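**Student:** Below are the chains, spelled out letter by letter.
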Amino acid sequence: MTIAFTEMQETIRMVQMESLDIRTVTMGINLRDCADSDFEKMNQRVFDKITSYAKNLRDTAEQVEKEYGVPIINKRISITPIAEILGNATVEEAVQLAKTLDRAAIELGVDFIGGYSALVHKGISKGDQTLLTALPKALSNTERVCASVSVATTRTGINMDAVRQMGIIIKESAELTKHKNGIACAKLVVFCNPVEDNPFMAGAFHGAGEGEAVINVGVSGPGVVLNALKRHPNGDLGQVSDVIKKTAFKITRAGELLGRIVAERLNVPFGIMDLSLAPTNAMNDSVAEILEEIGLERVGTHGTIAALALMNDAVKKGGAMASSYVGGLSGAFIPVSEDNGMIQGIVDNALTLSKLEAMTCVCSVGLDMIALDGDVTPATLAAIIADEAAIGMINKKTTAVRVIPVPGKKEGEMVEFGGLLGRAPVMGVNGFSSERFISRGGRIPAPLQALIN
Amino acid sequence: MKQKRAVVSVIGKDQVGIIAKVTAVLAEEQINVLDISQTILQDFFTMMMLVDVTDLESLEHLQSSFDNVSKELGLKINIQLEDIFQAMHRV
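Protein sequences appear in the order of chains A and B.
Residues 0 to 452, numbered by numbering that gives the first Met the number 0, are exactly what the first sequence covers, in order.
Residues 0 to 90, numbered by numbering that gives the first Met the number 0, are exactly what the second sequence covers, in order.
No wet-lab data here; the hints were simulated from the structure.
Be aware that a few hints might be false.
[Claimed, not checked] Distance ranges between label pairs, derived from CB positions: (1) 35(B) <-> 302(A): 40 to 50 angstroms; (2) 300(A) <-> 31(B): 51 to 61 angstroms; (3) 238(A) <-> 29(B): 28 to 38 angstroms; (4) 66(B) <-> 407(A): 47 to 57 angstroms.
[As the list claims (entries may be wrong)] In silico DSSO-like links for lysine-lysine, alpha-carbon gap of 30 angstroms or less: (5) 315(A) <-> 20(B); (6) 395(A) <-> 354(A); (7) 65(A) <-> 20(B).
Note that the structure is predicted; figures quoted are calculated from it, not measured.
Glycine residues also receive a C-beta, built at the ideal position from the N, C-alpha and C atoms.
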């Protein structure tokens, strides 16, 4: 069927003026067969497997990008959660393995490799503990390695022993990179209900149910949605939802096409499309600005949750129609440091930490890229994680915490993380202690799935 | 063999010789133009051409030839495989 002139124009406008892009093509690689009781052998196998499987990832993606004229911003790798292959390795060896992953990422020219991870939502195994202990050092001695830890799921409840440890680990990671504003924490996500096929960093890992290798694609385009809404300033909310849905459909189709072509050329199965509105610091590429375009004077004011719920749902509906395999986190991300509108909301005192928490009840992830007062205690960090995990557990959704307690910084100061990670105003936390709650340890039991009021 | 088609888009300030120069590049590469349409939007010249690239090895070479014309005339010229438009606008 021939394509109309205006339709071509629309696609070209989306790419050239409204920052439509494929945010990431992520290759998932299973590393289970690399496990070995001899650490040196395992270390070498991990490096060899990653660098051979993903050898052509970057070049192929760049080639496809040129042919179709839609930018593919990041090429990334996700791997089997490393804790699962650590076995009897020591903490030092686990740190060394992180450096090996970093080296592999540099050799391949990919910007992040995700999966330095452990799933400890029920209990902590030997390998898991080794990884947890190694995290601060591993993250502060590498640049491209991303870590994630699952501390809760709806089916298992919340492992509060792991939550308590994560508070300490985040604090330590920040201290070890204090000369860089605690940047190590930007590469560490604490999850409730993580998904196994998420292509987005820092939370990507290649889950246990996945195959040998897979290509997952993350598409974004807050700018496209924002501009589409600007053309309907007076429509009612049904129309707003419709505009977002149609736009999400088009964006997803572009992503699916390119993802499938990359997968085919690499001879790897295509996994899923993750349509997530992920903001960047580019002009107008902001989720907060979409909410403001829907009708809020500033993000964070009353009505924010309702507008976000509408947007998140419309994005999913459009995406689900466009792709046979929607997966990952699909929805909207609200990372503070990467979204100029969110930053402005905080600076103007419209957006608070509590409101951000509430927003995570209705959008795809959680407290993301938030800079906290450097004096925050590990117990308070753990309690923040516990709250977020509880939201995810009860609502049967993924939630996550990626916060950076910036050493030496106080509420109201602005910190720069550089590059994609952006900048963020430091937020204060509640001054009252959660120490006794956190020190109790144990597990919060899995919730009822009926009687759900 | 299935025909492989691409869309050449040209956007920029209207001036004498745009079509001539763009099609000259295509002719040099032995590329057949299947359809062409153009309009002027607020002083901006916009042209879309549907071209047959079945026999073309890679689009890169063509894109770089266009880049020269791009610089000379101060226009944005892009070539994209047609599938992307089909995917985005057809169910």
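**Student:** So, for every hint listed, does it hold in this structure?
**Tutor:** Hints versus structure:
1. In this structure the supplied range 40 to 50 angstroms holds for residue 35(B) paired with residue 302(A), their Cβ-Cβ distance being about 48 angstroms.
2. The hint said 51 to 61 angstroms for the Cβ distance between residue 300(A) and residue 31(B), and at roughly 57 angstroms that hint holds.
3. At about 48 angstroms, the CB distance of residue 238(A) to residue 29(B) disagrees with the hint of 28 to 38 angstroms.
4. One distance hint, 47 to 57 angstroms for the beta-carbon pair residue 66(B) and residue 407(A), holds here, with the actual separation near 48 angstroms.
5. A C-alpha spacing of about 44 angstroms is found between residue 315(A) and residue 20(B), which places the hinted pair above 30 angstroms, so the restraint is violated.
6. Our distance criterion of 30 angstroms between C-alpha atoms is met by residue 395(A) and residue 354(A), whose separation comes to about 20 angstroms.
7. Restraint check: the Cα-Cα separation between residue 65(A) and residue 20(B) comes to about 22 angstroms, which is no more than 30 angstroms; the hinted pair holds.
In terms of the numbered hints stated before, the structure departs from hints 3, 5, listed from lowest to highest.
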